[in-house]
Amino acid sequence: MKISRTLAAAVTALSFSHAQALDLQVKARQFDPTHIGFAADGARACLVGDNFDPDAAQNSGELLVVDYKTNALLWKKHIPAPNGYVALTAAQCAFDGEFVYVLANVNTQAAQSLNQTLVYILQFSADGKQTGYKKLSLAGRNKFAYTLAPLASGVQVAGYVKDEDNDAEYYSLFTVQLDRNLVEGRQNVRKTGAFNSSASARFVGERLYIAGGFSPSKLGKTDYVDDYAHSQLLPNGGYVWSVRPFKQKARDVKQEVSPRGVTYSLSGDEGISTLAVTSPEGKPLASASYEGRFCKTYSMAEYGNALLAVRQPCGGKGSARELRRISPSSGREDALQLAAGEPLFVAAHDGHWFLLSKDGAGDLSLNVGMVNEKQAADAGSRFKLNSGGVEHSLQVSRYQVDNKGVPSFDYVYEQRAGSCRFSVTGHAVAGFDESKGKVELEVFNLQDDDGKPLPQILVYYDDASTFTLPFKGAPRQVSFDRTLSPEQLKRSCGSQDSAQLSLLFNEKA
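Using my numbering, read the sequence shown as starting at 1 and increasing by one per residue.
If you're looking for bench data, these hints aren't it; they were derived computationally from the structure. A portion of the hints provided could be inaccurate.
Straight-line distance between alpha carbons at most 27 Å, and here's what the computed DSS-like set of lysine-lysine pairs gives [what the hints assert, rightly or not]:
(1) K247 to K296
(2) K76 to K27
(3) K191 to K283
(4) K296 to K27
(5) K218 to K247
(6) K76 to K129
(7) K135 to K162
(8) K283 to K296
(9) K490 to K384
(10) K27 to K69
(11) K218 to K135
(12) K77 to K134
(13) K218 to K191
(14) K162 to K134
(15) K27 to K129
(16) K296 to K384
(17) K221 to K191
(18) K69 to K129
(19) K221 to K247
(20) K191 to K134
(21) K191 to K135
(22) K135 to K77
(23) K221 to K162
(24) K135 to K76
Label-pair restraints from in silico Cβ distances [as the list claims (entries may be wrong)]:
(25) P54 to Q112: 16 to 24 Å
(26) F444 to L285: 49 to 57 Å
(27) V243 to A361: 42 to 50 Å
(28) D497 to L74: 39 to 47 Å
Glycine included, each C-beta is placed from N, C-alpha and C at the ideal position.
The task is simple: from the sequences and hints, build the whole structure.
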């Protein structure tokens with residue numbers, strides 16, 4: 001066998017060996033994720049999302065609770081709109097130890113001219129039984145919730161109120177606390193404008209951090225405002241600071257407030273991305289604009305010194321989402337593959353990353369793992385190859401060497417073509433000669449077309465795949481051969497005439 005390019009450079013793959021995947025027993029069409037929350041016990045997570053019924057043209061919510069330490073789905077609940085209303089959108093979930101809470105925005109009527117938006121808090125016991133719900137009693141026609149957070153004796157909620165007359169719209173921002181019996185405490189309403197419904201907010205200690213498009217207290221029906229801000233408020237309605245991170249119009253912005261109060265905003269427009277970062281004290285930490293092929297961002301999470309983001313290439317519908325790692329200090333953005341399947345939503349908590357992904361059949365899984373910062377900084381090790389209208393990608397983990405001196409690695413192989421997604425994962429081990437009674441790796445000596453020696457290679461394999469990688473150093477070029485099972489061949493994206501794959505990857509993604 002001859003390989004035309006030398007095998008050099010360091011392995012920069014993330015390790016998959018400590019990641020786990022949990023089948024959520026739900027299809028992607030039934031669950032559009034909006035939030036992942038975490039319990040203080042360091043084991044449980046709640047996931048909320050939306051379920052749209054196209055036949056009834058109605059939206060409802062889904063709540064799933066998992067134990068990510070034991071990799072178990074504890075329970076799940078379908079949440080229809082209460083009181084005969086037409087639609088419910090689940091905004092967030094939270095634990096307070098004894099209960100799980102869901103914050104939801106509810107539409108009362110299908111006709112826009114008659115509809116009101118109301119804010120509901122739903123309460124569930126630790127074993128999944130609904131124990132109560134509460135409609136917030138705020139004055140005003142329309143209410144919309146941003147966020148909720150647990151307290152020692154209940155939860156606190158932040159959102160906005162919108163009223164209108166024939167000439168203008170009126171915006172106010174509110175915060176309110178509820179006890180564990182869902183009894184409301186004092187309402188704090190700030191009648192000086194409010195952030196819009198796509199804003200992101202988080203209570204951090206005694207402060208409310210919020211980012212998004214901002215509307216003044218009064219806005220004429222024919223007026224247009226393009227104001228975007230990062231702000232910090234007190235739960236009692238007091239103002240602390242605001243900054244305007246974008247000097248020009250920023251389209252399709254996604255924002256996230258980290259658990260430590262750092263605010264990130266990422267915009268995408270016609271191949272230019274802009275990342276703005278604000279400290280908990282209101283000071284600009286970073287601002288970078290860079291070229292790229294991504295326009296829309298679905299979710300973001302601060303992880304170590306980096307930002308993980310699920311983004312979609314410009315062009316929109318039909319383009320698969322991808323997981324990206326972004327360095328706030330440099331603005332560098334790299335491809336990142338932490339799990340098989342198409343990434344849908346990312347979160348981080350207590351040193352773990354959480355990635356919701358779907359496979360080619362539309363089944364959802366929650367992937368959980370830990371990556372140290374050095375590995376995260378070296379992300380970008382996926383190889384790509386386009387052949388026959390199919391995009392093939394391969395990612396290998398760091399080499400692991402066992403106590404016998406045998407190296408091995410984990411891998412993820414994927415295919416993409418239009419809406420088709422197909423992936424396989426595995427663990428490949430280097431071959432060695434057992435007949436000699438000791439570990440002796442079978443090292444192959446290669447030559448190029450001119451007879452000059454090339455770096456030595458090893459053959460790695462698992463039950464269905466074979467790889468050739470360098471004996472020393474790390475790959476720029478990787479060969480991958482695999483025989484697909486009949487079921488895998490049926491789900492694959494390429495030609496189904498042959499179950500045999502034989503690919504040579506030369507280029508890193």
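Evaluation of the provided hints:
{"no.": "1", "hint": "K247 to K296", "in the structure": "holds (20 Å)"}
{"no.": "2", "hint": "K76 to K27", "in the structure": "holds (13 Å)"}
{"no.": "3", "hint": "K191 to K283", "in the structure": "holds (26 Å)"}
{"no.": "4", "hint": "K296 to K27", "in the structure": "holds (23 Å)"}
{"no.": "5", "hint": "K218 to K247", "in the structure": "holds (24 Å)"}
{"no.": "6", "hint": "K76 to K129", "in the structure": "holds (10 Å)"}
{"no.": "7", "hint": "K135 to K162", "in the structure": "holds (16 Å)"}
{"no.": "8", "hint": "K283 to K296", "in the structure": "holds (26 Å)"}
{"no.": "9", "hint": "K490 to K384", "in the structure": "holds (22 Å)"}
{"no.": "10", "hint": "K27 to K69", "in the structure": "holds (23 Å)"}
{"no.": "11", "hint": "K218 to K135", "in the structure": "holds (26 Å)"}
{"no.": "12", "hint": "K77 to K134", "in the structure": "holds (18 Å)"}
{"no.": "13", "hint": "K218 to K191", "in the structure": "holds (9 Å)"}
{"no.": "14", "hint": "K162 to K134", "in the structure": "holds (20 Å)"}
{"no.": "15", "hint": "K27 to K129", "in the structure": "holds (23 Å)"}
{"no.": "16", "hint": "K296 to K384", "in the structure": "holds (22 Å)"}
{"no.": "17", "hint": "K221 to K191", "in the structure": "holds (18 Å)"}
{"no.": "18", "hint": "K69 to K129", "in the structure": "holds (22 Å)"}
{"no.": "19", "hint": "K221 to K247", "in the structure": "holds (26 Å)"}
{"no.": "20", "hint": "K191 to K134", "in the structure": "holds (24 Å)"}
{"no.": "21", "hint": "K191 to K135", "in the structure": "holds (21 Å)"}
{"no.": "22", "hint": "K135 to K77", "in the structure": "holds (19 Å)"}
{"no.": "23", "hint": "K221 to K162", "in the structure": "holds (13 Å)"}
{"no.": "24", "hint": "K135 to K76", "in the structure": "holds (22 Å)"}
{"no.": "25", "hint": "P54 to Q112: 16 to 24 Å", "in the structure": "holds (19 Å)"}
{"no.": "26", "hint": "F444 to L285: 49 to 57 Å", "in the structure": "holds (50 Å)"}
{"no.": "27", "hint": "V243 to A361: 42 to 50 Å", "in the structure": "holds (45 Å)"}
{"no.": "28", "hint": "D497 to L74: 39 to 47 Å", "in the structure": "holds (44 Å)"}
In this structure, every one of the numbered hints holds.
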